[in-house]
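Visitor: Sequence:
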Amino acid sequence: MSAQTDTPGSVTAVYQVSGMSCGHCEGSVSGEISQLPGVSSVKAVASTGEVTVVSSAPLDEEAVRAAVDEAGFELTGRA
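Be aware that the sequence shown starts at 1, since it is given in my numbering, and climbs by one per residue.
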């Protein structure tokens, strides 16, 4: 799947993360991903497992995977 461009200079990507079950989980995943360079917004939804990331350029999926791993969850791929 390709990333979508929302506004000039930004890229939106949606990832699927397994293991999130509550608001604390959402915050942990969002906090780790938001530290990646170029990320301007992260929204994690535990009920669907989807994490929407807005960044200034496409992110390296391995960097996103490492951030999700650091939060204690598993990136299963693009949604």
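Because the hints were derived from the structure by calculation, they are not lab data. Even glycine gets a Cβ: it sits at the ideal position worked out from N, Cα and C. Take these hints with a grain of salt, some might be off.
[What the hints assert, rightly or not] Quick list of simulated restraints, FRET-style, between CB atoms:
{"no.": "1", "residue 1": "Gly77", "residue 2": "Ser47", "range": "23 to 29 Å"}
{"no.": "2", "residue 1": "Ala57", "residue 2": "Cys22", "range": "28 to 34 Å"}
{"no.": "3", "residue 1": "Ser47", "residue 2": "Gly9", "range": "26 to 32 Å"}
{"no.": "4", "residue 1": "Ala79", "residue 2": "His24", "range": "29 to 35 Å"}
{"no.": "5", "residue 1": "Gly23", "residue 2": "Ala57", "range": "18 to 24 Å"}
{"no.": "6", "residue 1": "Ser40", "residue 2": "Glu70", "range": "25 to 31 Å"}
{"no.": "7", "residue 1": "Gly9", "residue 2": "Gly72", "range": "18 to 24 Å"}
{"no.": "8", "residue 1": "Ser21", "residue 2": "Ser56", "range": "18 to 24 Å"}
{"no.": "9", "residue 1": "Asp60", "residue 2": "Ser21", "range": "14 to 20 Å"}
[Claimed, not checked] Distance condition first, Cα-Cα at most 25 Å in a straight line; then the derived SDA-like pairs of lysine to any residue:
{"no.": "10", "residue 1": "Lys43", "residue 2": "Thr76"}
{"no.": "11", "residue 1": "Lys43", "residue 2": "Thr12"}
{"no.": "12", "residue 1": "Lys43", "residue 2": "Gln16"}
{"no.": "13", "residue 1": "Lys43", "residue 2": "Ser56"}
{"no.": "14", "residue 1": "Lys43", "residue 2": "Cys25"}
{"no.": "15", "residue 1": "Lys43", "residue 2": "Val11"}
{"no.": "16", "residue 1": "Lys43", "residue 2": "Gly9"}
{"no.": "17", "residue 1": "Lys43", "residue 2": "Gly31"}
{"no.": "18", "residue 1": "Lys43", "residue 2": "Arg78"}
{"no.": "19", "residue 1": "Lys43", "residue 2": "Glu32"}
{"no.": "20", "residue 1": "Lys43", "residue 2": "Glu61"}
{"no.": "21", "residue 1": "Lys43", "residue 2": "Ala79"}
{"no.": "22", "residue 1": "Lys43", "residue 2": "Val14"}
{"no.": "23", "residue 1": "Lys43", "residue 2": "Ser18"}
{"no.": "24", "residue 1": "Lys43", "residue 2": "Asp69"}
{"no.": "25", "residue 1": "Lys43", "residue 2": "Gly27"}
{"no.": "26", "residue 1": "Lys43", "residue 2": "Ala66"}
{"no.": "27", "residue 1": "Lys43", "residue 2": "Val54"}
{"no.": "28", "residue 1": "Lys43", "residue 2": "Glu62"}
{"no.": "29", "residue 1": "Lys43", "residue 2": "Ala63"}
{"no.": "30", "residue 1": "Lys43", "residue 2": "Glu74"}
{"no.": "31", "residue 1": "Lys43", "residue 2": "Leu59"}
{"no.": "32", "residue 1": "Lys43", "residue 2": "His24"}
{"no.": "33", "residue 1": "Lys43", "residue 2": "Asp60"}
{"no.": "34", "residue 1": "Lys43", "residue 2": "Gly23"}
{"no.": "35", "residue 1": "Lys43", "residue 2": "Cys22"}
{"no.": "36", "residue 1": "Lys43", "residue 2": "Ala13"}
{"no.": "37", "residue 1": "Lys43", "residue 2": "Glu70"}
{"no.": "38", "residue 1": "Lys43", "residue 2": "Ser21"}
{"no.": "39", "residue 1": "Lys43", "residue 2": "Ser10"}
{"no.": "40", "residue 1": "Lys43", "residue 2": "Ser28"}
Visitor: State for each hint whether it applies.
Guide: Going down the list of hints, with the structure as the test:
| no. | hint | in the structure |
| --- | --- | --- |
| 1 | Gly77 <-> Ser47: 23 to 29 Å | 18 Å, violated |
| 2 | Ala57 <-> Cys22: 28 to 34 Å | 31 Å, holds |
| 3 | Ser47 <-> Gly9: 26 to 32 Å | 31 Å, holds |
| 4 | Ala79 <-> His24: 29 to 35 Å | 21 Å, violated |
| 5 | Gly23 <-> Ala57: 18 to 24 Å | 29 Å, violated |
| 6 | Ser40 <-> Glu70: 25 to 31 Å | 20 Å, violated |
| 7 | Gly9 <-> Gly72: 18 to 24 Å | 32 Å, violated |
| 8 | Ser21 <-> Ser56: 18 to 24 Å | 31 Å, violated |
| 9 | Asp60 <-> Ser21: 14 to 20 Å | 27 Å, violated |
| 10 | Lys43 <-> Thr76 | 17 Å, holds |
| 11 | Lys43 <-> Thr12 | 11 Å, holds |
| 12 | Lys43 <-> Gln16 | 12 Å, holds |
| 13 | Lys43 <-> Ser56 | 16 Å, holds |
| 14 | Lys43 <-> Cys25 | 12 Å, holds |
| 15 | Lys43 <-> Val11 | 14 Å, holds |
| 16 | Lys43 <-> Gly9 | 19 Å, holds |
| 17 | Lys43 <-> Gly31 | 10 Å, holds |
| 18 | Lys43 <-> Arg78 | 14 Å, holds |
| 19 | Lys43 <-> Glu32 | 12 Å, holds |
| 20 | Lys43 <-> Glu61 | 17 Å, holds |
| 21 | Lys43 <-> Ala79 | 13 Å, holds |
| 22 | Lys43 <-> Val14 | 9 Å, holds |
| 23 | Lys43 <-> Ser18 | 15 Å, holds |
| 24 | Lys43 <-> Asp69 | 17 Å, holds |
| 25 | Lys43 <-> Gly27 | 9 Å, holds |
| 26 | Lys43 <-> Ala66 | 17 Å, holds |
| 27 | Lys43 <-> Val54 | 9 Å, holds |
| 28 | Lys43 <-> Glu62 | 19 Å, holds |
| 29 | Lys43 <-> Ala63 | 17 Å, holds |
| 30 | Lys43 <-> Glu74 | 16 Å, holds |
| 31 | Lys43 <-> Leu59 | 15 Å, holds |
| 32 | Lys43 <-> His24 | 13 Å, holds |
| 33 | Lys43 <-> Asp60 | 18 Å, holds |
| 34 | Lys43 <-> Gly23 | 11 Å, holds |
| 35 | Lys43 <-> Cys22 | 13 Å, holds |
| 36 | Lys43 <-> Ala13 | 11 Å, holds |
| 37 | Lys43 <-> Glu70 | 17 Å, holds |
| 38 | Lys43 <-> Ser21 | 14 Å, holds |
| 39 | Lys43 <-> Ser10 | 15 Å, holds |
| 40 | Lys43 <-> Ser28 | 11 Å, holds |
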